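Chain residues, written in single-letter form:
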Amino acid sequence: MALNWLRRGALFLGALLFLFPFYYMLVGSLQKDPDTSLAGAFPTGGFTLDNYRDIDGRIDLVRSLLNSGIFTAGVLLGTLVFGVLAGYALARLNFRGQGALFATMLLVLIVPFQLLIIPIYVMIVRTYGLADSYLGMIVPFAINSTAVFIFRQFFLALPEELFAAARLDGASEIRILWSVALPLARPALLTATLLTFIGPWNEFLWPFLVTKDAGMQPLAVSLANYISSQAGRAANPFGSILAGAVVLAIPAVALFVAFQKHFTTSDLGSGVKG
Amino acid sequence: MTTRTETEQPSAPPSAPARSRSRLAALLGRQPVGILFAAPYAVFLAAIFAYPLGLAVWISFHDYFFAAPGAEVERPFVGLENYRSVLSDPDVRQSFVNVAEFLVINVPLTVILALLLATALNRAVRGLTFLRVAYYVPYVTASVALVSVWLFLFSKTGMVNQVLGPLAPDPSWLINSTLAMPVIALFVTWKQLGFSVLLYLAALQNVPKELHESAEVDGAGRFGAFWNVTVPGVRPATTLVVILATITGANLFTEPYLLTSGGGPNGASASPVLVMYQRGIEQGNPDVASAIGVLLVIGVLVISLVNRRILERD
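Which chain is which? The protein sequence lines are A and B, in order.
Each residue of the first sequence is one higher than the last, beginning at 93 in this note's numbering.
Each residue of the second sequence is one higher than the last, beginning at 19 in this note's numbering.
Hints listed in this document are in silico derivations from the structure and should not be mistaken for laboratory results.
These numbers were taken from a predicted model, which means no experiment stands behind them.
Glycine residues also receive a C-beta, built at the ideal position from the N, C-alpha and C atoms.
You can take every hint at face value.
With the Cβ distance kept under 10 angstroms, some of the chain B side facing chain A (calculated, not the full set):
| no. | residue |
| --- | --- |
| 1 | A68 |
| 2 | F170 |
| 3 | L171 |
Calculated pairs, SDA-like style, for lysine to any residue (alpha carbon to alpha carbon, straight line, at most 20 angstroms):
| no. | chain 1 | residue 1 | chain 2 | residue 2 |
| --- | --- | --- | --- | --- |
| 4 | A | K353 | B | L146 |
| 5 | B | K174 | A | P126 |
| 6 | A | K304 | A | R150 |
| 7 | B | K174 | B | G280 |
| 8 | B | K174 | A | N328 |
| 9 | A | K353 | B | Q223 |
| 10 | A | K353 | B | Q210 |
| 11 | A | K353 | B | Y157 |
| 12 | B | K227 | A | N96 |
| 13 | B | K174 | A | A131 |
| 14 | A | K353 | B | R144 |
| 15 | A | K353 | A | L282 |
| 16 | B | K174 | B | P283 |
| 17 | A | K304 | B | G302 |
| 18 | A | K353 | B | N140 |
| 19 | B | K227 | B | L134 |
| 20 | A | K304 | B | A86 |
| 21 | A | K304 | A | D224 |
| 22 | B | K174 | A | S320 |
| 23 | A | K353 | B | V151 |
| 24 | B | K174 | A | Q322 |
| 25 | B | K227 | B | T137 |
| 26 | A | K124 | A | G137 |
| 27 | A | K124 | B | T175 |
Restraint ranges, calculated between C-beta atoms of paired labels, are given here:
| no. | chain 1 | residue 1 | chain 2 | residue 2 | range |
| --- | --- | --- | --- | --- | --- |
| 28 | A | K304 | B | V181 | 36 to 46 angstroms |
| 29 | B | V115 | A | Q322 | 30 to 40 angstroms |
| 30 | B | P187 | A | L109 | 17 to 27 angstroms |
| 31 | B | S232 | A | V349 | 31 to 41 angstroms |
Bound-form chain B, shown alone (with noise of 0.2 angstroms):
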């Protein structure tokens, strides 16, 4: 392991022994101790992402049911049909037109108010500290203690409808089917805007502080030298961020689960991982569930392809 450095470089005259050792290093890298060293990550990835990804592709395609740990049972093939049964279920399509509510809502929320902030962070100084601390906690901190509460401030009660007086809406925000959706997508951008803010901000370091001050002397004013030099230099930021409201839509639980007590009302705020977890785990149908959750797969996976696409042409 310890011997192997110098030969190594490609200038190495090839006497016999570095030969054999270039072979070894054909098969096995020139740093084979890289193998050990990545091996448990390795079996990490198999047994916790890869395995779990086939063993859901298996499921899906079968009549798949829980058993006691060790018994034999028949699980027969049945093709597409949890695939039939998960896109004419209602419930599901009804949380997939929740989760593009979210995004639509979402998105560019967070991508506005994101590069706005990191702008002014960006030149700000003093109380810098404070400011940093303020936009990034949510983001530190659990949903759980977060939609405690919100279910407070929003509750029929609540402190935003005493604020409101007559112009509280009725049903109240969290059991109103119009609002209850727009309140957790509200909730996720005020809970995660600070890590696309970060993400901005790194962002806003590649962008040459010349090529602003040029933009300026162009007479294309502020504005324009946000919009002409800023916006175009943290494309791959806004790349990211994207994507990552995308993987947060389809990531959706515990927000529906506890915000609006399971998705309510009449699942009108339920995403598609909480209709999963009650198809499988509470109604016992992992099949169906799994069904759903390759789709979620393959959606994620086209979206952010797409986005990398869409924002990455030049």
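If we strip away everything but chain A, and leave its shape as in the complex, we get (with noise of 0.2 angstroms):
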């Protein structure tokens, strides 16, 4: 029983070690003057939205948002529609080609996008000249293998006869996807669209090599450059920082939070089981 409340206590403490930084970056974005010692952390006053002003002026957080939004909003289109076509054929259907795309899609899973940023930068921004454009940045992440195998997965768990029930009665494969497959995929497709989320979401690298137009940068971008470049010269440094900070990260903590039970062992146990 002591053992148990032990555990629970440790539980509890580390999970409030964990969301400490998350803490600190709202209450930093909120002060006047940053307060570094560890009363400071845990302010009575002085609390103002200057910081927020500062970093809007710096870099337009409306246009980064909007921007960070329409990659994203990319990626997840692509995803939702090719990538559940794809997942579809690669567990119920039987074609020619089938293993190599599967064992194509594993490959891609364990080679990092980061290692052949070379060669796409190559071919995306110097032959085909798609740098500061949306379709330049989206284009590489247009179909999120993740997605695809999770899908794979969960479509590969239904049972059989739903399927061959389906054929029997003469329904095409588009339509037994969309009305058989899909209404039964629900958590599937939530955990699928968290996870391509977060994806472009977060994403600085790629985003970061095809944009050097300030208004086509999505907020990642942007907050990353103010960080490295011109920071140094705000009156409140970190405090216009941890602002921008909270603005990139309370996207996608929400979605999260609001749909976190989606996230959950069932629906990437699959997964894991394989």
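With the hints as a guide, bring both chains together as one complex.
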């Protein structure tokens, strides 16, 4: 019993430690002057929104958020349309090249995108001239392979009789996918959407390489550029950086908290069991 | 597209149209429409993975430089020249040593903490939602946002040093050549731990409870049961966690770029991808950078295979 309480205590303490940087981010973004002492982490007054005004004056927050949104929406659209189709085909259809496609998908999951950044940069920026465009930003991420994998695992776990019956009724595959498989796949769709969302929303390296024009940069890029080049000149550099960080973090965190029920063992579990 | 269904049953009588259909099936598969469904993804993988992989290898064997789009330029074959210059480049060597240091800290820490947390979370019921959110939320948050807070926390006059007082390291964490890489490893462990916990939680569902109970009855004790039943039971998840950590290590860019302002001090926290970026994009040597990329791809594949062999042999 005592051990139980000890374990629970340790779990909650660890959780508070994990959350502390988030809390500190928020508090720091609302303070006029940074107080870095331990007591300064629990201020009683001196709250201000100046830091948000400051960061908005240096990087256009609305414009950056819009760019992040378009980048993310493009990737989500590609993944939910073409990724679902591919996942369904890999799980429930028998066609030539299926094995090769599945093997390539697994390889993509192992070889990080970052390692191919030079040839992809050469192709997209140099050969096709897609620098400073949404298309250039979206294309390398257009279909999230992890999401395809989740879709495949989920469709694979559905009972075969369901599909056999629909096929006997003469339903086309697209119809079976739309009215039989997809309605059952809602948990997998939510999990995959959440995972796909955090990819482009949080991505730094690729949009950093393709966008030189500040008006095209997603928030992660414009904030990073602000941190590495001009923050030193601000009156309260950390305050403005943290304000930008809060704005960048909130959409992903809010989405996760709202849908955290779906970000669970059972949805991803099928993926681990392979 | 819609009429082929019944005749596909292997037991269908071999009438003439059925035979021609089965020949078609042998050529295209039983549901050729699958080719149509999978085509966009296949084209995507070909264009964004297979072709760039080939292009990386090609560039790494040539004297390649950036030219204006459409310009016809000579790019002579140089054999292993780029690989020679990569392997003799002290910055590249340093970055590989740094990744090794990163893995030595990150992998054991992740495996131990994630397994302990998952075992504990597997039993705790009250407050589970709060605990789950707390441990997963760094995983879903942008590195750039989280790096901002760590910059603040670990700066010279930051809270960590304030709390440590006279024990604060000099030079401070992020500009200290011994401590910069460990801080990055710690940051990434914190950020990614939630995902490993998730993988272990999934794996724990597969460890039969009875096995655990009988081990405890046999007098193995709690620790014995954990060591002899749980740890081997979640081995596939451990393989995955180790492979993911390797991939993350090979991937590192944002943290050394921002947290230690460009892999500083003096390259002490530079990662291979950061050096690849500096050589390829900043200094305009895509050939050398591609050679680094090809070496990393080979490295990741080899380590993944070795991990599977070692951790999955029984």
